[in-house]
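Model the placement of chain E on the given structure of chain W, informed by the hints.
Top line first, the protein sequences correspond to chains W and E.
Residues in the first sequence are numbered consecutively from 367, following the numbering used here.
Residues in the second sequence are numbered consecutively from 367, following the numbering used here.
Hint data in this document are derived by calculation from the structure and do not stem from the laboratory.
Do not take every clue at face value.
One copy or two, either will do: identical chains are not told apart, so a pair holds if it fits within one copy or between any two.
As the list claims (entries may be wrong) - Dumping the calculated EDC-like pairs for lysine to aspartate or glutamate here, alpha-carbon to alpha-carbon at most 20 Å:
(1) K686 with D816
(2) K584 with D897
(3) K423 with E738
(4) K454 with E390
Protein chains: 2
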Amino acid sequence: MRLVIIGGVAGGASAAARARRLSEDAEIVLVERGPDVSFANCGLPYYLGGVIAERSKLLVTTPERLRARFRIDVRTLSSAEAIDRKTKSVSIRNLADGSVYDQPYDKLILAPGAAPIRPPLPGIDLEGIFTLRNLHDVDRIHTRLHAGLKHAVVVGAGFIGLELVENLVHRGISTTLVELADQVLPPLDPEMTTPIVAALRASGVEILTREAATGFRKTGGGLLVDLRSGRELSAQLIVLGVGVRPENELAVAAGLEVGPRGGIRVNASLATSDPDIYAVGDAIETTDAVLGGPAQVPLAGPANRQGRIAADNVFGRQSKYRGAQGTAILGVFGRTAAMTGASAKTLARQQRPFRAIYVHPAHHAGYYPGAEQMTLKLLFEPDSGRILGAQAVGGAGVDKRIDVLATAIQARMTVFDLEEAELAYAPQYGSAKDPINMAGFVAAGLLRGDHPQIDVPALLALAAAERPLLLDVRTPKEFAAGHIAGAVNIPIDDLRLRTAELSTEKPIVTYCEVGQRGYIATRILRQRGFDAVNLSGGYQTYQLFEPVVRQS
Amino acid sequence: MRLVIIGGVAGGASAAARARRLSEDAEIVLVERGPDVSFANCGLPYYLGGVIAERSKLLVTTPERLRARFRIDVRTLSSAEAIDRKTKSVSIRNLADGSVYDQPYDKLILAPGAAPIRPPLPGIDLEGIFTLRNLHDVDRIHTRLHAGLKHAVVVGAGFIGLELVENLVHRGISTTLVELADQVLPPLDPEMTTPIVAALRASGVEILTREAATGFRKTGGGLLVDLRSGRELSAQLIVLGVGVRPENELAVAAGLEVGPRGGIRVNASLATSDPDIYAVGDAIETTDAVLGGPAQVPLAGPANRQGRIAADNVFGRQSKYRGAQGTAILGVFGRTAAMTGASAKTLARQQRPFRAIYVHPAHHAGYYPGAEQMTLKLLFEPDSGRILGAQAVGGAGVDKRIDVLATAIQARMTVFDLEEAELAYAPQYGSAKDPINMAGFVAAGLLRGDHPQIDVPALLALAAAERPLLLDVRTPKEFAAGHIAGAVNIPIDDLRLRTAELSTEKPIVTYCEVGQRGYIATRILRQRGFDAVNLSGGYQTYQLFEPVVRQS
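Next up, chain W with everything else stripped away, as it sits in the complex (with noise of 0.2 Å):
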């Protein structure tokens, strides 16, 4: 067997150590473009931002590492330039001295990965504007850092985008957050990210949504970036995550299957439309998991299992992929923001049945100090109660919780069973009815019934006429601090009392801080014969959707 592998990092060489743990006769050539193999991509931002102190911890394993151990014929500076499928050759040009020489294959895996996208505006070839894919870009980004930066720009909200704002604050640089969108973190809820721009504004960031670069152009004191507002901001450095494109061009070339959005098509096997030619990585379009249909995902462990499932499938092993369900992650000037399957908006945009509800508690017990609140919202199907996604954002736990959701949803778990779940609880690591729990509560409530919710999108959704009587349940001092416009206050405590205060006529629609005690409420008013629904996750799910609301 004579494997030849196109791109050494996450995908790539994961399926040249699998395959040489399958096979220790096949000859295995990795290719790759760039000098390094297998660096740790996620860490480049932090890299640059002192975190991470040593350039050298970025490299993963080393070209002299896969030879030793496991006898890959590594050919770093080596570009792929064409597939000749009938020969089964690649051409291979040396970047060193120029030279182009074909390389025979019995099966080919392509792991090109993704390219930053760099949009053709005027200037964009200018000195000072990057992308962030490799460690070339981190060292040409790192030596203009330590020239008395003072502003910096990023173009682009994302993930990378985000990280690379928090790194240039940490090295004290003025940033300016330039995104198309009007969110930031397009992939998550608009409602859900308002607890991250708030903590990128209280660490001075500087946020233009709906917002774009035209242009850029150089000034003596650096440079300018045109916006389509007709703003201009000054930056000695400028950094575009706007996204990425795969690597479809030797695929493309060679007449490989592409679906819409560029990904190289590949079946359950991670064979492309030539038998003979896998492909794993960002450069694939893959499966949606959670709600099937065709899916991009450019994250680093699936493209790791994906480069093993490859390699299995090279040698004859029926390993299949099942699909990514998009489960990321994000820390940001100490929040966390993670999201697993399904957004809210994925779901309308296809137009599939679902619910949403919210919850507000404590990542571990409150009664032990340092308990720190997080928010978390659950997406299943009404019917079924199947999980679809679920997305979550705080400080501490969140990223357990969405793990815990994670796995939930690739068992197709429901929201009854995670009211069963049995969590680890001890004070210090989560709560005897833990956040997964209580979500599973709440969600299963919803849909037996006993617990009818109305969204705060649906609620100002309300015309005029429709408009229900809005009960605050909450204290007369937390009332006082912060409410719904037009909302009544009656606490729950004195609810039982005061019904004869409200009308059996009007439809009610109960809040509180966080839900709980709204869901008493709908409980104590609809057995009394009110038409009284709760506001789900209460005035502090209202409070992130303000800002939502302000902008549209």
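For chain E alone, kept in the frame of chain W given last:
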């Protein structure tokens, strides 16, 4: 509906609140012997240690709150003395004035909890010997802490015992731990407790396993504990944490069925042998959700959920309790130990076929500062790969992995599913190949035959004549720093060149530090015709067993 609930802490209070949400009309009487309801049991040790500074934090809810918000007829300082099942009435003693009255019921929920065992040893009733169950106990111990206490003895090295030890040491009290079993934390497998023992010792705790208190005596300076070994320990405070027994007296006297270990028998609806009487919490015998069969699991999470479920059934809903899987966690001196599902000990006792693997991954990407190593043990069925149990010990991130595995066990997932788990990865939170994936890879490799492994106990059990060649594939430096007696050293990167030094006649057990290089070595050797297997978890796992071996 007249519902009477006996016991107002976790299960009882949950049942009461749920009952009221289900029915505004029901008469709900909550009978509690103590002065408090729903206090934070799991916080008691931390209040003693001063970690939880305010006693009021321990009150999760109050009788007043239950009255005002849930209209529960809360009767504290009231002891249920007898149940008359024929007339459906409970005889209740008012502990304030000694009066006794009959309280009729339509449905009864028993939530009496479990009482700490107080063995009938000589001197057991001396002042200064405590158990820890409620706020009254904690107050009595607390008073004693301020009286110039120097030495304490904790009898019983279970979860509560170790939490007590930590908190006493935190107060500057020199503490000796006495445990009857041959290990601390008896629910865990012994080798998994090695790091906990090390942490206890490093904090100055004297640990006496296979030791028992046989009596207590008063001296001038305080108390003396007589030990089975003949040794005596002097102390001013003795706390017993030797286990609990279900408070089943009321149930037994009423003729309700109890199990052999005293737990009140219930069906999946949590009804006792009398369909009008339910029982929940630490007093019941429930089902082992993983292995089937009866189980007594005195944990707060299950108690809370059982309370809800019993209340559901009281009001005609078909809620079922699925059984307990024994998820538990301990934090002690900066270490975390946690488990879920069955242990190897339990599986062996029940003669269930199983396999175990060990991994020692970092809790997040190694290239990001602050990565902490954990040891994760995974137990699974050899045929199906179904996950039966998991244990982990380490620092940060242990709780997350156990919660993920608890969810996987609940969903009856297999080790093959763990390979495909898509968990949240950014370098502060995890790795592209998460510890969960690593455990899945190693276990699936074992079951597929790609990665044959031998466990340390199996290796040690081999007779001299059967002993394989032990091949240490670490670097000479690692080898020199410590290795298994009799091992020969061929570093992994030299192995392909030096296989001539090995005989194909004798079985080979390869090992490295954590198992990964050993795995690669077995792949190399087996493909060259050697009978090679890898030592699961490598030298680090071997070292976990060393103290266990020394002891036996």
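Against the structure, the hints come out as follows:
For a Cα distance limit of 20 Å, the shortest separation of K686 from D816 across copies, 17 Å, qualifies, whereas the shortest one inside one copy, 41 Å, does not. In this assembly of identical chains, K584 and D897 lie within 20 Å of each other by CA distance neither inside one copy nor across copies; the values are 64 Å within and 68 Å between. Taking CA atoms no more than 20 Å apart as the test, K423 paired with E738 passes between copies only; the shortest distance there is 16 Å, against 31 Å inside one copy. Taking identical chains as interchangeable, the C-alpha atoms of K454 and E390 are never at most 20 Å apart, the minima being 22 Å within one chain and 76 Å between chains.
Hints 2 and 4 from the list above are not met by this structure, while the remaining hints are.
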